[in-house]
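Line by line, the protein sequences are chains A and B.
The first sequence begins at 6 in my numbering and counts up by one.
The second sequence begins at 83 in my numbering and counts up by one.
These are computed hints drawn from the structure, not numbers from a lab.
Quantities reported herein were computed from a predicted structural model and do not represent experimental measurements.
All C-beta atoms, glycine included, are put in the ideal place defined by N, C-alpha and C.
Any given hint could turn out to be false.
[As the list claims (entries may be wrong)] Derived pair list, reagent style DSSO-like, types lysine-lysine, alpha-carbon separation capped at 30 Å:
| # | chain 1 | residue 1 | chain 2 | residue 2 |
| --- | --- | --- | --- | --- |
| 1 | B | Lys-180 | A | Lys-316 |
| 2 | B | Lys-529 | A | Lys-317 |
| 3 | B | Lys-201 | A | Lys-317 |
| 4 | A | Lys-305 | B | Lys-205 |
| 5 | A | Lys-221 | A | Lys-309 |
| 6 | B | Lys-143 | A | Lys-316 |
| 7 | B | Lys-143 | B | Lys-529 |
| 8 | B | Lys-206 | A | Lys-316 |
| 9 | A | Lys-166 | A | Lys-138 |
| 10 | A | Lys-309 | B | Lys-201 |
[What the hints assert, rightly or not] Coverage of chain A stretches by chain B, computed from C-beta distances (three or more under 8 Å per stretch; other residues unrestricted):
| # | segment |
| --- | --- |
| 11 | 30-42 |
| 12 | 45-52 |
| 13 | 63-77 |
| 14 | 86-92 |
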Amino acid sequence: MEGKYNFLSTISMDKKRKIEIMSCTGCGFCKEGCPVFEQTGIESSSGKGKILLAYGLLQGDIIEDESVTRAFYECSLCKKCETRCPSLIDIPLIISSMRKHIGYLPQHEQLIQNINTSNNPFGETYEAPVLNKNSTLGYFPGCFLNLREKNIKKATLSVLKKLGYKPHVLNTSCCNAPLERIGARITSPKRDYGYINTLLFSCPACLYMFKKNTYKKIQLSHITEFILQKKPIFTPWKKKVIYHDPCYLGRWLGIYDAPRQVLQNIPGLELVEFTDTRESAQCCGSEVEFRTAFPLLAEKMGKKVLREAKKKNALLVTASPHCSYHLKKLGGHPLDILEIVDNCLPLK
Amino acid sequence: MLPPKIITHLKNITGEENVFTTTADLYTYGFDASIHHRSPEVVVRPHATRQIQEIITVANKEKISIVPRGAGTGLSGQAVPLQGGIVMDLTAMNRIKKIRISDLYCLVEPGVVYANLNKELAKKGFFFPPTPGSGDVCTIGGMVALNASGMRAIKYGATRDYVLGMKVVMASGNLVTLGTYTLKNASGYQLERLMVGSEGTLGIITEITLRVFPLPTKRTLALATYSSLKKAGEGVSAVIAQGIIPSALEIMDNVCIKAVNKAMNLSLPNKEALLLIETDGMNATDEIQKIAAICKKTGADSITFTEDEKEMQQLWRGRKSVLPSLSRYGDNYVSVSLADDMSVPISQISKAIVAFQQIATDHGIIIGTYGHAGDGNLHTKVLLDPNSQDQWKQAEKAVDKIYHTVLDLRGTISGEHAIGISKAPWMQKERRTALQTMENIKKTLDKNNILNPGKMMQWKGSIISYLRYPWTKKEK
């Protein structure tokens, strides 16, 4: 398998990062809680294994072959290993860096082509209307809300309307998160932000990508943060719900409280937690490039989440269209938090 | 790479999905947590004792080495396959087969993770007391093979003290049952004891009977700080001499304190040394107060207590993270396991630590010292630039001096991490008169020397070999 740039021996990794790789003492604490290692039990699946493989490539101990490529992609980049590493090694960052230099998996080729040609991972032609171009409040629905989890987009726009907002809804260009995760080259799409000074997101992956790349004048927020600020009065909803932290919203962006507080502000709603929650939350394996390449692993990871929700006899709620879509495909009935908010928010 | 017919044979025994020969698998299974590395020629993951018997029979016939492996958290190279050959990953044998509280034992497979066993035992109000720092990930099989212990050994002893019996596949392929299910046993040679700490060189342990203990009703934890390392060491001896046995008595020097504060974002007092002292049981509070008074008397600058579970966990998290945190001490340094696990008589602790620091200064390297001071078991970590050949050489000289200091103080080379490669030359000095007996036992039980060959008494030469770090690459 060919590397993307074919110069593995001169991987452009600075000295600091190389020392960071060597700082791995091999303690293996990263294995505890790694959702992939939990399923496979194989060294190369763990954070430690991947750091050592990076080291092997950089040192020239090994050369890239299909097994090495596969090992680097056999990771959902959930970041849980990083929370466990006592040497504070940014394991996902090193994996991502390596992905920029190694070959793709065959399953990723179509995904890359789809995004490059159709601006979405599904390769579907769809032009979402750009709405309310004069508004200072923006909303970026992203591919998943436009093409799959349309219910979340509908609920979000409904909630914003009830709160008195008509946001400038941006076009459908992909945020490129899948390309970033694969390590493929990214061409940033040009977007017309109009008068937007606050841009809202339902999809945490899109939010992360915008935070990484967008110019700083725009305030970027997850929709749950915005709703919390507006302090809406909810009608009662007597249900027991369990909140699944999406990896991007939680470990990547550090947003744990806003969705929980929004739920807790609904009278009658009982919020329960997973055994592993917040920083320790279980990854459900929903990210598109991961579940495309490793469907069985993604299925096992997702079903583990569904099992615990069922065991606790609670309605599963999440705040990422990726999680919702994946868990539904596995037979679950997750709700997006905005669907609940819409349900409990009366018309003005 | 082993001949294809051997690989096929192994696949027939365990199933294709449990035999690994890819670059990624062979390379990653060549590491543990030591400074050494060598890739095996095949990794095999058995799920049953019968499979192990068949694998070992093949290996014995073909004279292929087998290195049994748990979680690969060992610090001395025990799981590194010096001859390539087969690495046997035992983590799939991870069933807790029985917990018999009324008989005070549990029966487990070797791949059970320590923390998982204690989670299950805790549901019944019991525990398996040795508390290794790697307890969240290490396996019981690995603990038995290395006679691991940890911070509670001062009161509760080491793994050795809990092993009642076991099943072992010998190099011949025969399965033998050693020991009993009873707390007492004077029935013949205590061969289960021989297997404890045998580092996979005498047989492959496939089932272990462990004694369990009731969980203490209460724990308290005190943090004592010292401006003088020597005084901290004296404090340890003074506490022990009063006849109170704490459930843990840990020491950290300033290098370790700084490293943990930096890596874990903690705010441990930036002093020359600190002691973490835990008492447990009905009299925990009384005992900790008595200990506090002794610490004050022996020169502690401050002493604080807590019985709050969260605070205790936070402090223990700091202590357990010393080893990996040392890796973040300086931008160009990494922490390597050299001379990492000596034990000295308790009264010699301060002398030992002060000597280690002098040795570090003499050789221009940084050494952090911490450990289970209450039972005389110290850990040092050498911090060095892995790219510097000179630093490796200086480190090796320093290690030699450290171990000679330990032996001069009537200590031992290893308290709980065992020998493997990294400590072998000094174990050979320490156990000079026993080496031939050890070799005779090995030959008797493993005629073809297939079980983890080349380790312990069989190691020859410098320990700066099979190095996973860079500079030896330049020599090739």
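For each hint, the structure was consulted:
no. : hint                     : result
1   : Lys-180/B with Lys-316/A : holds (25 Å)
2   : Lys-529/B with Lys-317/A : violated (56 Å)
3   : Lys-201/B with Lys-317/A : holds (20 Å)
4   : Lys-305/A with Lys-205/B : holds (27 Å)
5   : Lys-221/A with Lys-309/A : violated (38 Å)
6   : Lys-143/B with Lys-316/A : violated (51 Å)
7   : Lys-143/B with Lys-529/B : holds (11 Å)
8   : Lys-206/B with Lys-316/A : holds (22 Å)
9   : Lys-166/A with Lys-138/A : holds (16 Å)
10  : Lys-309/A with Lys-201/B : holds (20 Å)
11  : 30-42                    : holds (count 7)
12  : 45-52                    : holds (count 4)
13  : 63-77                    : holds (count 11)
14  : 86-92                    : holds (count 3)
Going through the hint list in order, the structure does not satisfy hints 2, 5 and 6.
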